[in-house]
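There are 2 protein chains.
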Amino acid sequence: MDKFMQAAVEEARMGLAEGGIPIGSVIVHQGEIIGRGHNRRIQKGSTTLHGEMDALENAGRQKASVYRECTLYTTLSPCPMCSGAILLYGIPKVVIGENQTFMGDEDLLRSRGVELTVLDNADCIQLMTDFIRDQPELWNEDIGE
Amino acid sequence: MDKFMQAAVEEARMGLAEGGIPIGSVIVHQGEIIGRGHNRRIQKGSTTLHGEMDALENAGRQKASVYRECTLYTTLSPCPMCSGAILLYGIPKVVIGENQTFMGDEDLLRSRGVELTVLDNADCIQLMTDFIRDQPELWNEDIGE
Chain A
1 MDKFMQAAVE
11 EARMGLAEGG
21 IPIGSVIVHQ
31 GEIIGRGHNR
41 RIQKGSTTLH
51 GEMDALENAG
61 RQKASVYREC
71 TLYTTLSPCP
81 MCSGAILLYG
91 IPKVVIGENQ
101 TFMGDEDLLR
111 SRGVELTVLD
121 NADCIQLMTD
131 FIRDQPELWN
141 EDIGE
Chain C
1 MDKFMQAAVE
11 EARMGLAEGG
21 IPIGSVIVHQ
31 GEIIGRGHNR
41 RIQKGSTTLH
51 GEMDALENAG
61 RQKASVYREC
71 TLYTTLSPCP
81 MCSGAILLYG
91 IPKVVIGENQ
101 TFMGDEDLLR
111 SRGVELTVLD
121 NADCIQLMTD
131 FIRDQPELWN
141 EDIGE
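Protein sequences appear in the order of chains A and C.
Counting in full-length UniProt numbering, the first sequence tops out at residue 145, every number present.
Counting in full-length UniProt numbering, the second sequence tops out at residue 145, every number present.
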């Protein structure tokens with residue numbers, strides 16, 4: 001696995017170890033991770049810190065010119081909120097671990113010119129398959145269902 | 001002015017008094033404000049806590065059935081990130097103070113069935129007109145430009 005997706009998976013596993021939802025994300029600029037994070041719904045009672053949002057938050061305030069050169073890695077297809085954040089900051093490339101357990105707003109991202117790569121990664125699929133089986137109510141809450 | 005938009009404007013003014021970007025929001029369920037907030041970019045160095053996101057965060061973890069009965073009030077047209085959050089949680093109605101100083105992703109929201117009301121409120125317009133004039137770099141940063 002690509003080292004950046006590996007870092008996103010490590011974030012997802014950290015979240016799981018904390019009792020949280022196992023979705024992780026990293027933001028990469030010029031070959032360096034500038035922000036990393038994981039879903040914090042359970043840990044912080046947060047309704048906005050999905051993995052991608054947590055990575056964006058931890059990257060801190062960046063110039064538009066930086067975002068325009070970033071790639072966001074996420075273990076799971078980005079939901080409408082995280083897709084909107086990607087559009088707000090003009091992040092041009094997103095690498096997605098998998099979209100089999102949840103299909104995010106990929107069509108919207110593509111329609112606005114974001115380049116998506118979907119890996120169908122087995123570790124990412126397993127993390128979410130197990131979590132959704134074990135904690136279906138938490139998962140539904142996280143996606144507004 | 002409607003008392004809920006008045007509360008959102010109060011939030012915006014609180015943000016301004018803190019040295020922040022004057023955008024406020026409240027979320028209303030069955031006639032009660034269940035979450036209120038304002039943009040926290042400056043105050044917390046936050047890239048994700050726009051006014052609407054801060055209100056969602058402060059509303060805490062709610063059931064999908066609650067979000068489905070909510071109206072979100074915001075002093076400014078919601079950007080792609082905040083529009084995505086509205087879609088994620090299935091909030092059906094959004095009341096917007098103004099969209100003259102910034103046009104958010106209103107077309108996307110309408111295309112997904114969200115009911116929008118735009119007030120063209122003079123106080124909301126003044127707050128943003130003054131802020132954009134005085135702090136154009138901060139404002140551009142907030143909208144990813």
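The set of hints was computed from the structure by calculation and includes no laboratory data.
Where hints are given, some of them may not hold.
Same chains, same names: a pair is fine if it fits in one copy or spans any two.
With a straight-line Cα cutoff of 30 angstroms, these simulated DSS-like cross-link-like pairs (lysine-lysine) come out [what the hints assert, rightly or not]:
hint, residue 1, residue 2
1, K44, K93
2, K63, K44
3, K93, K63
4, K3, K93
5, K63, K3
Here's how the hints hold up against the structure:
1. In this assembly of identical chains, the alpha carbons of K44 and K93 lie at most 30 angstroms apart whether taken from the same copy (28 angstroms) or from different copies (27 angstroms).
2. For a Cα distance limit of 30 angstroms, the shortest separation of K63 from K44 qualifies both inside one copy, at 27 angstroms, and across copies, at 17 angstroms.
3. Proximity of K93 to K63 under the C-alpha cut-off of 30 angstroms is restricted to the intra-copy arrangement: shortest distance 17 angstroms within a copy versus 33 angstroms between copies.
4. In this assembly of identical chains, K3 and K93 lie within 30 angstroms of each other by CA distance solely inside one copy; the values are 16 angstroms within and 42 angstroms between copies.
5. In this assembly of identical chains, K63 and K3 lie within 30 angstroms of each other by CA distance solely inside one copy; the values are 25 angstroms within and 37 angstroms between copies.
Of the hints listed earlier, there is not a single one the structure fails to meet.
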